[in-house]
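Participant: Note that the protein sequences, when read in sequence, are chains C and S. Residue numbers for the first sequence follow my numbering, so the first one is 1 and each next one is one higher. Residue numbers for the second sequence follow my numbering, so the first one is 1 and each next one is one higher.
No wet-lab data here; the hints were simulated from the structure. Just so you know, these numbers come straight off a predicted model, no measurement behind them. For every residue, glycine included, the Cβ atom is placed at its ideal position computed from N, Cα and C. Heads up, a few of these hints could be off.
[To be verified] Derived lysine-lysine pairs resembling DSSO-like cross-links, with alpha carbons at most 27 Å apart:
# : chain 1 : residue 1 : chain 2 : residue 2
1 : S       : K217      : C       : K298
2 : C       : K169      : C       : K104
3 : C       : K104      : C       : K114
4 : C       : K21       : C       : K114
5 : S       : K320      : S       : K103
6 : S       : K224      : C       : K298
[Unchecked claim] Covered stretches of chain S, going by a simulated chain C footprint (3 or more residues, C-beta under 8 Å):
#  : stretch
7  : 53–64
8  : 169–181
9  : 273–287
10 : 330–337
[Stated by the list, open to error] If you anchor each label on the Cβ, the simulated ranges turn out as follows:
#  : chain 1 : residue 1 : chain 2 : residue 2 : range
11 : C       : E309      : S       : P316      : 48 to 54 Å
12 : C       : G323      : S       : N301      : 24 to 30 Å
13 : S       : H29       : C       : L164      : 49 to 55 Å
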Amino acid sequence: MGVKGHRTVDDTGNFEHPLYKVLFQIPGLTLAATALDHVLTWGMTNALWTFPMATSCCGIEFMASAASRVDIDRMGTIVRASPRQADVMVVAGTITVKMAPRVKKLWDQMPEPKWCIAMGSCAISGDFYRNLYSVVPGVDTFLPVDVYVPGCPPNPEALMHGFLRLQEKVRAMRQGAKVVGDPNPELLRVTKPSNPRLVDADRTAALDEAQVSSAETATDLEVAPPVSVPLEAVPAPFAASNATELDGVLADFGILPAGKQGPPLVPVERHLELARRLKGLGYRQLVSIVATHWLAGKGRGGNEAGEVEHHEVVYLLRTVGPGTRVATWAVRPLAGQPVPSLSEVYAGADWQEREQFDLLGVVFSGHPDLRRLMMAENYTGHPLRRDFAADTAAAPWR
Amino acid sequence: MRTVQVTRRVDPHVNIDRYDPEAELMLLHFGPQHPSTHGVFRMDLTLDGEIVVKAVPHVGFLHRAVEKLCESLAYVQITPIVDKNDYVAPMTNEQALNMAFEKLLNLEVPRRARWMRSLFAELQRIASHLLWLGTFALDLGGALGGGSTVFIYCFRERELILDLFEEVTGARFHYNTHTIGGNRHDLPAGWSAKVHSALNVIAGRIHEYEEMTLHNKIFVARTKGVGVLDADLALELGVSGPILRASGVDHDLRRDAPFHAYDEVPVRPVTATGGDCFARAQVRLGEIRESIRLVRAMVDNVPVGSINSGKPIKVPVQTKIPPGQAYVAIETPRGELGTYLISDGSQFPYRLKIRPPSLHALSALPYILPGATVSDAVAILGSLDPIMGEVDR
Chain C
1 MGVKGHRTVD DTGNFEHPLY KVLFQIPGLT LAATALDHVL TWGMTNALWT
51 FPMATSCCGI EFMASAASRV DIDRMGTIVR ASPRQADVMV VAGTITVKMA
101 PRVKKLWDQM PEPKWCIAMG SCAISGDFYR NLYSVVPGVD TFLPVDVYVP
151 GCPPNPEALM HGFLRLQEKV RAMRQGAKVV GDPNPELLRV TKPSNPRLVD
201 ADRTAALDEA QVSSAETATD LEVAPPVSVP LEAVPAPFAA SNATELDGVL
251 ADFGILPAGK QGPPLVPVER HLELARRLKG LGYRQLVSIV ATHWLAGKGR
301 GGNEAGEVEH HEVVYLLRTV GPGTRVATWA VRPLAGQPVP SLSEVYAGAD
351 WQEREQFDLL GVVFSGHPDL RRLMMAENYT GHPLRRDFAA DTAAAPWR
Chain S
1 MRTVQVTRRV DPHVNIDRYD PEAELMLLHF GPQHPSTHGV FRMDLTLDGE
51 IVVKAVPHVG FLHRAVEKLC ESLAYVQITP IVDKNDYVAP MTNEQALNMA
101 FEKLLNLEVP RRARWMRSLF AELQRIASHL LWLGTFALDL GGALGGGSTV
151 FIYCFREREL ILDLFEEVTG ARFHYNTHTI GGNRHDLPAG WSAKVHSALN
201 VIAGRIHEYE EMTLHNKIFV ARTKGVGVLD ADLALELGVS GPILRASGVD
251 HDLRRDAPFH AYDEVPVRPV TATGGDCFAR AQVRLGEIRE SIRLVRAMVD
301 NVPVGSINSG KPIKVPVQTK IPPGQAYVAI ETPRGELGTY LISDGSQFPY
351 RLKIRPPSLH ALSALPYILP GATVSDAVAI LGSLDPIMGE VDR
């Protein structure tokens, strides 16, 4: 097997390299080598320098593990901020399609030997985000995970247990033994993951190819469930919050308050003027911009047969100080019709409008920098539109 | 109202090619994996030497599609989802969400439940600000005795509050204790004595934090005059909470638009006039003291009664909310957390928009970073206390 010069043991189990014949004559060398091996094992097990790939909630529990009460540092797990100095990557938190290539890159930067702990259900399987368009369903689809620490988030004690299991694994690896894992989830009747893991036999080359290739998303049309509307009238949530002066301004614009169905509708071409008037009236804080996508046949009043597909963009402003009031109005652009950007009146509209453009496809005219905010720039589709299926599979990653 | 005023506003969209035709400036990618980014956040900094000329933030590395997920979940199933948004203050997430449902259902929450919500919110505020102080000290780095000292101290005290929550709800965080019409878990017997003893420990140690930070020469040198955000810009950007109050705007939803039990327990908002990182630290440390005062005033006086309105919910999963739109906002440790709910009468929300305070705070970065050094950029980012879970959702 292999090149003859590289062989050390012959077929009967004897050392065949001539160098060994010399080495074995040195008294005590085998004993010293074994002792040295034990020292190396001891050192490797108890100096697992850790690189926290902390993205979300589990990262906070990781910090708690490293802090006062639990203090996993006493096991030799010093936290290093650079992957090049670390032995263990703890993936703590949800990994999204946008983040996954960076995680892979950081993993590739770690020197061998290296281990990976998947901390928390998001890193293990994607948790309840697993079937959504932007989340990777488990990091073991692209990283070789050694220890899984379940929980949402796992307690610091659970993470500590994970590190102890990893130490067992490292020790076994040094001794050439095989570490026995906990029972396979399939035996515990846990549903099999829909995305093949790295270790699965049915993981195909086509999947690897798809992950390497550029992102591509499916937007299957989802049939909306039937809706029942109760008969009782509902008190108007907006009647109380609308100030009289706002009503006065709206009356100037010839707009009547729409009442319970939502904030008053303002013509698209006049809404910038309204925003300027309100800013002068003391509504100095931009609270939020909320866009909604209404499918044909649906509208703010429920199911309405005459409705065409449209967006509705709601603007919220606030006065400052005691007795603060919220001013709200809505514009209703048809699909594809641009809305004048509010960013020249309120600087904060910049990011808010970018988010609504990204997720819903509302176009804002006059915006200084209308790019995607949340999704990657090469992403296609607008996920918060109602015709975008909620369980659209995540784009390929890596 | 004495507010911070800055005469000239930075242009965040400055064209670097025109500004620097020789292409001598350096582009520095900061994040998304960086210990000081408080999660996964990326900035492209254009540097002239060590001075930032332009900052382009990139968010979305933790975009978990929460709003899309909520559109296919029953109303009572959404509470544990939004827990994960602002994962440093999950209690307040649940409150803002369920208050929106209650508003459209026109549901009266029992007085005991409202008091418990205030109590939890204030305890959560202490825990959240302690975590912020610890991580901010880490951001400032070696100047503060390694930075880890403050971090270790703050986490020691934060654990005391998590223990209190664990006793009520069974979880260290992601509590899922609020629901439509009230709360799920009642206060256990003997809980208030434990609250008092935990608060006594924290109140006795606050002056230590102030010694280590506000009275520390190095801390002052690193934070004073750094990252000044003027009141006008902050309001236009929608910045709220401690950052807005540090710019001199006396605005706190707990006092100005009372929710929960804040109409019965008056709040004294903490303000500062610097508008810089130092002022933000002042406000947050002051808010820890104020929250301790509020919790001490409330914990022994929680009224007796039911913790949930019960009606009209029969089968929780099939709760239907009548069609309409509602916006509800509460004051969380990071500012105004709002929920805009649009219901079409079914058992799923038609649109659920979460208004995260951290997103608005981060949008100030392109305005306040230019002119600062790279090391100050880390301090400024830390002082905004962004939680990427709620920025990206």
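Participant: When the hints from earlier in the document are held up against this structure, which numbers fail?
Facilitator: 1, 4, 6, 9, 10, 11 and 13
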